[in-house]
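Chains as they are written, first to last, in full-length UniProt numbering: chain U, 1 to 284; chain G, 1 to 284; chain Y, 1 to 284; chain S, 1 to 284.
Where hints are given, some of them may not hold.
[Claimed, not checked] Label-pair restraints from in silico Cβ distances:
hint : chain 1 : residue 1 : chain 2 : residue 2 : range
1    : S       : 202       : Y       : 128       : 49 to 57 Å
2    : G       : 39        : Y       : 83        : 18 to 26 Å
3    : S       : 227       : G       : 42        : 50 to 58 Å
4    : G       : 177       : Y       : 83        : 32 to 40 Å
5    : G       : 39        : Y       : 182       : 54 to 62 Å
[To be verified] Facing chain G, according to a computed beta carbon distance under 7 Å, are these residues of chain S, among others:
hint : residue
6    : 97
7    : 255
8    : 259
[As the list claims (entries may be wrong)] Stretch-level coverage of chain G by chain U, calculated; a stretch enters the list once three of its residues show a Cβ under 8 Å from a Cβ in chain U:
hint : stretch
9    : 33-39
10   : 63-76
It is worth saying that the hints were derived from the structure and are not from the lab. Here the structure is a predicted model, which is why all the values come from computation and not from measurement. Heads up, the beta-carbon is just placed ideally off N, CA and C, and yes, glycines get one too.
Protein chains: 4
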Amino acid sequence: MKKTATLLINCPDRKGLVAAIADFLYRHNANILHADQHQDAAENLFLMRVEWDLEGFGLQPEEFEREFTPIAQQFQMQWQLKLSGQKPRLAIFVSKYDHCLVDLLYRHQSGELACDIPLIISNHPDTQRIADFYGIPFEVVEVTKENKAEAESRQFALLDEHKIDLIVLARYMQVLSPEFVKRYPQRVINIHHSFLPAFVGARPYHRAFERGVKLIGATSHYVTEVLDEGPIIEQDIVRVSHRDQLEDLIQKGRDLEKVVLSRAVRWHVENRILLYSNKTVIFD
Amino acid sequence: MKKTATLLINCPDRKGLVAAIADFLYRHNANILHADQHQDAAENLFLMRVEWDLEGFGLQPEEFEREFTPIAQQFQMQWQLKLSGQKPRLAIFVSKYDHCLVDLLYRHQSGELACDIPLIISNHPDTQRIADFYGIPFEVVEVTKENKAEAESRQFALLDEHKIDLIVLARYMQVLSPEFVKRYPQRVINIHHSFLPAFVGARPYHRAFERGVKLIGATSHYVTEVLDEGPIIEQDIVRVSHRDQLEDLIQKGRDLEKVVLSRAVRWHVENRILLYSNKTVIFD
Amino acid sequence: MKKTATLLINCPDRKGLVAAIADFLYRHNANILHADQHQDAAENLFLMRVEWDLEGFGLQPEEFEREFTPIAQQFQMQWQLKLSGQKPRLAIFVSKYDHCLVDLLYRHQSGELACDIPLIISNHPDTQRIADFYGIPFEVVEVTKENKAEAESRQFALLDEHKIDLIVLARYMQVLSPEFVKRYPQRVINIHHSFLPAFVGARPYHRAFERGVKLIGATSHYVTEVLDEGPIIEQDIVRVSHRDQLEDLIQKGRDLEKVVLSRAVRWHVENRILLYSNKTVIFD
Amino acid sequence: MKKTATLLINCPDRKGLVAAIADFLYRHNANILHADQHQDAAENLFLMRVEWDLEGFGLQPEEFEREFTPIAQQFQMQWQLKLSGQKPRLAIFVSKYDHCLVDLLYRHQSGELACDIPLIISNHPDTQRIADFYGIPFEVVEVTKENKAEAESRQFALLDEHKIDLIVLARYMQVLSPEFVKRYPQRVINIHHSFLPAFVGARPYHRAFERGVKLIGATSHYVTEVLDEGPIIEQDIVRVSHRDQLEDLIQKGRDLEKVVLSRAVRWHVENRILLYSNKTVIFD
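From just these sequences and the hints, can you work out the full model?
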């Protein structure tokens, strides 16, 4: 595996922007592996992801900021530099439904997800055994109406202790408080079991069944303060018919949820997602 | 082409039902070509579609009712008999967007739709030329806020004159009055340019674009009194990305709308749709 | 869970067939839960699946054959009766790629597959740990060019010992001998990692990548004597682009393989598959 | 509509490449609208598409070559410059099946295809009327086994006379000679009615039906000397079941063919397709 650096840029669109970035990388001898950009004319916005080989690159990571800052300031860039050696640290939140958890753990073990998973938090003890199988610390934090603030404090402590970068709600059946969401902006990914914005809220399969839809879906999105309204990362659907009962929808939906959530997690940990105006750009 | 009869049945589920129907058809020497049934345990409902060759069948169509009524009464059936020789008569309503109209007319001419199309009604003269090309009477009925009731009266007169069985709203940009809907129960098919129930109402592509969805859809449904709430006949979706601008959504959506509407029309004219609890059963 | 019986019928299409079956079931007081039939006019073939509640049914399972045989003979039926209480016994064959195995075991444990899995056979010891996690006997039978006949003898002994009804090749990287295939007609399901008949044989992802296809697929099928030519049970595809490297195809393909294989296994164990002319009818 | 220029580049991947191109465009005051690039590490290849507004651009189109040549030579580029004002001229070849023709003509008229269509060539007179409706010259060139060379000479004359840039085979039922193909390298697009490489050659729907596939597909590709082996531009599929007879496959397939061919034509005329190693890169 090559050691690489990935630069993510978000700024107003202006002439000379690409020339400035390309010239900077060339001067420091970067061997570019992938580059993607997106322009939004309506918003006058420029978004870029560029990944290069660190071998032969003329700057040490710690020198990068100093050297790049003049360009960043000139073009009013928001930017981040990610190094492939620094794997993001991910916590999975889960309740009783374990299919997304099992799926993520298997993908992680088989090398599909370039992250560390040092923590699983659940409000039920049911998934302890699978966490043990994969050797991942498993913490039960019970949540009730009464103890919600306390429970979240306990969760914050665990997240801090394990230096968590990204929280994945793998069918976690609790709504996070506004404080929680504010503490982890664009760092909480949820899977909702409908093609949003259809069936926002509870029991989407039940409502899809009652409405008689011919497709069911799943949506992964970043969690924001308004329920199920955060930026959509990925969606997919599967066809259903009158032959499908509610249980069939739920069963077919599980396969969707696993795939849609795992794509979102993978893109996030590979730094492929940029955000603007409540939308995502996926550089895949 | 064989001459066939199609029997559609909707009744409470009871033992002996299939035996009674099968025995009736056998006694009258029916050569069954297709049979489909659906049971809904929760609603205790039985739905059936059976199609047979009229050649050799022992009853004249006009005798069927008399002979079948005892069985129908015994099992409390709602039933309809459709003869392949009696093609349904279809009116297409259209405004300025002509892609669904053009698509339906081409499919009709190429033999894909087993119906007659004796009438096109539009609130704009724009599509006259394509109607002429296919030799179909084209009537302009202008609709304004002020003249809506009058305009619908004129439409009713045209529909009556042409003995219309089914109305297809092919991107017709007017909302029908409750009176209109009541006059044609389960006989008006609309195409809505979203995967309902997402983006009910106006400008669904604009709202899909703003929401940043990763899929756009189209839905064909029967029109009922509540806007976009009627029984869904068919839905389909296509994938979009951040590279797609609003115009791209609209363009990709056109291909969906055409296919989704034409499937609904075909299934209706082939008597493949049964309705219950605001849902459709499609015997395809 | 209700105790049910499922009758599968395959015979020449003749008038009176449905009446005879329906009447038989009615006379014995069967409460029909699901019935599906398919007619192939070109082949003059009639296929049926009917499932009924055993509660209140007037025949004991052991009486069924005697009572049904006259009808079966009259219409030259091939038929099978399956009881929900008699779960099929399934053996999984696997090599080193474990994603399909892990997926099947999880689905089995979560109640999605109505079968027993008393045996896993592998030519490598790698997947022992996951077999142990789910508590399923795991047998290593090494296969080389030289010992193939011997190895299959050992496999036959294990399959006999565990009374196996169905063998699932979950990315098992060995070709079965003609003797093996003959011993288990329509009882071996394989997953092939392409949309057959494209890319029959070895290394389909490599060849798909070289060919520059825009879709990759997976196919589950019954194993017959000609490689990858058996009746197709299920297929699905996923879109790829020039941005996908070979490893991306392999990774995306894994998700397809799991879903496509698991659907085939489920339909088989639920007695939803009928076969004719090297094709499958899926009563789903 | 903005007047734009699109530059397509294909060259060995080298450091400094993007910097050189971006600097060149910046120095000449280009307002970049879209830029996409693709690197193939295995082939050490760099492909780029960049489109900019001609308003304010510092070079006249006729000066571009002179100014850009030094950079092009330094990096061994193959390159093309396309101006939005110079619409490609397209000829459609058709036989009796008219669905793709009708679809392309409608899309062209509704502004979806940025090209001129000055010529339709058919070996049958059947589609004359639709050509007339859209006001497009229609030439019948009969093709038999005996007159093939002559017929192609007549076609060449027509193609020359109408200064044709791109030939679209819209279900044209004749195989082009190697001379024809050689005369229009990467300038003939065909639609094949299967998901290639499955069912290369004649009667793919018949063979798909016999094989019992669960998906049917369509593939648009550039025509090369080996039948159905040219670079794939686009593919799509639709699900079929045992309920679908051969005619259903053909009918469902028509909808695929139209969409898959029209996407390929649109991408070609918008200069979104780059070719290497018998593969396409689609900058969509």
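Status of the hints after comparison with the structure:
no.: 1; hint: 202(S) - 128(Y): 49 to 57 Å; in the structure: 51 Å, holds
no.: 2; hint: 39(G) - 83(Y): 18 to 26 Å; in the structure: 20 Å, holds
no.: 3; hint: 227(S) - 42(G): 50 to 58 Å; in the structure: 54 Å, holds
no.: 4; hint: 177(G) - 83(Y): 32 to 40 Å; in the structure: 57 Å, violated
no.: 5; hint: 39(G) - 182(Y): 54 to 62 Å; in the structure: 40 Å, violated
no.: 6; hint: 97; in the structure: 10 Å, violated
no.: 7; hint: 255; in the structure: 6 Å, holds
no.: 8; hint: 259; in the structure: 6 Å, holds
no.: 9; hint: 33-39; in the structure: violated (count 1)
no.: 10; hint: 63-76; in the structure: violated (count 0)
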